[in-house]
Amino acid sequence: MLSFPMMAIVGAIVGFIAAIASAFKPLWSHILGPVYAVGQGLFVGAISKMFNAQYSGIVLQAVGTTLAVFGVMLFLYRTRVIRVTNRFRRIVIGATLGLVVFYLVAMVFSLFGANISFFTGSGSFGILFSLFVAGLAAFNLALDFDFIENGEQMALPRRMEWFAALGLLVTVVWLYLEILRLLAKLRDR
Numbered sequence: 421m422l423s424f425p426m427m428a429i430v431g432a433i434v435g436f437i438a439a440i441a442s443a444f445k446p447l448w449s450h451i452l453g454p455v456y457a458v459g460q461g462l463f464v465g466a467i468s469k470m471f472n473a474q475y476s477g478i479v480l481q482a483v484g485t486t487l488a489v490f491g492v493m494l495f496l497y498r499t500r501v502i503r504v505t506n507r508f509r510r511i512v513i514g515a516t517l518g519l520v521v522f523y524l525v526a527m528v529f530s531l532f533g534a535n536i537s538f539f540t541g542s543g544s545f546g547i548l549f550s551l552f553v554a555g556l557a558a559f560n561l562a563l564d565f566d567f568i569e570n571g572e573q574m575a576l577p578r579r580m581e582w583f584a585a586l587g588l589l590v591t592v593v594w595l596y597l598e599i600l601r602l603l604a605k606l607r608d609r
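Using our numbering, the first residue of the sequence shown is number 421, and each one after it goes up by one.
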């Protein structure tokens, strides 16, 4: 049996590989979606256990906040308060890709001893950064809702439902983890 930290690492790797593979082969999502869900379940469960050990009750707060954000974003999307236009899509995708590049550069810098704690720490800038990232994850939900709605209108193949569900799950997991980090930073203040 795998140790607790190893389960988190294996789950993260399995989930990452399944998500990337699905991005290149969307019609395989009916297989890769459940693989991602199990892998991320191990990872998120382990991370949640670690956070809850340090900050009692934080997981329940993060789950509740994630559900609330999901519900609000779905309501705003369905009532057309938030409209996914081409401009909106370009901005959200561009910001998301920019964030990925930032994380990769920060990871490389940290390997060489650079201090990036002003982004990851619990100071004002770190909290604002976490708010931005959680907000970006929330706006990605609108893109997922739009993909699902457009897929239905365009009568995409039924297997694409799995791809849409996987995309939504990836965003919800990301949102949960960002909210968990934000709440931890707020508790550290």
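Mixed in with the good hints there might be a few duds.
What the hints assert, rightly or not - Between beta-carbon pairs, the in silico distance windows are: (1) Ala575 <-> Phe545: 46 to 56 Å; (2) Ser423 <-> Arg503: 41 to 51 Å; (3) Asn506 <-> Gly533: 37 to 47 Å; (4) Asn570 <-> Ala441: 36 to 46 Å; (5) Asn535 <-> Ala575: 28 to 38 Å; (6) Val492 <-> Glu572: 14 to 24 Å; (7) Gly461 <-> Asn570: 39 to 49 Å; (8) Ala575 <-> Phe424: 19 to 29 Å; (9) Gly491 <-> Glu581: 33 to 43 Å; (10) Met574 <-> Gly477: 36 to 46 Å; (11) Leu576 <-> Arg500: 18 to 28 Å; (12) Gly533 <-> Leu576: 45 to 55 Å.
Hints listed in this document are in silico derivations from the structure and should not be mistaken for laboratory results. Treat the numbers as computed from the prediction; the structure is a model and nothing was measured. Just so it is clear, CB atoms sit at the ideal spot from N, CA and C, and this is done for glycine as well.
Results of checking the hints against the structure:
The given range of 46 to 56 Å is respected by Ala575 and Phe545, whose C-beta atoms sit roughly 47 Å from each other. Checked against the hint of 41 to 51 Å, the C-beta distance between Ser423 and Arg503 comes to roughly 48 Å, which is consistent with it. Here the CB-CB span from Asn506 to Gly533 is close to 42 Å, well matched to the stated 37 to 47 Å. Taking 36 to 46 Å as the suggested C-beta distance range, the pair Asn570 and Ala441 does not conform, at roughly 23 Å.
Roughly 52 Å separates the CB atoms of Asn535 and Ala575, a value that falls outside the hinted 28 to 38 Å. For Val492 paired with Glu572, a C-beta distance near 22 Å keeps the hint of 14 to 24 Å intact. Checked against the hint of 39 to 49 Å, the C-beta distance between Gly461 and Asn570 comes to roughly 29 Å, which is inconsistent with it. Between Ala575 and Phe424, the C-beta spacing of about 45 Å breaks the proposed range 19 to 29 Å.
One distance hint, 33 to 43 Å for the beta-carbon pair Gly491 and Glu581, is violated here, with the actual separation near 21 Å. A C-beta distance of roughly 44 Å is found between Met574 and Gly477, which places it inside the suggested range of 36 to 46 Å. Range check, Leu576 to Arg500: Cβ separation about 22 Å, and the 18 to 28 Å hint holds. The supplied range of 45 to 55 Å is met by Gly533 and Leu576, whose beta-carbon atoms lie about 48 Å from each other.
Violated hints, in rising order: 4, 5, 7, 8 and 9; the structure is consistent with all others.
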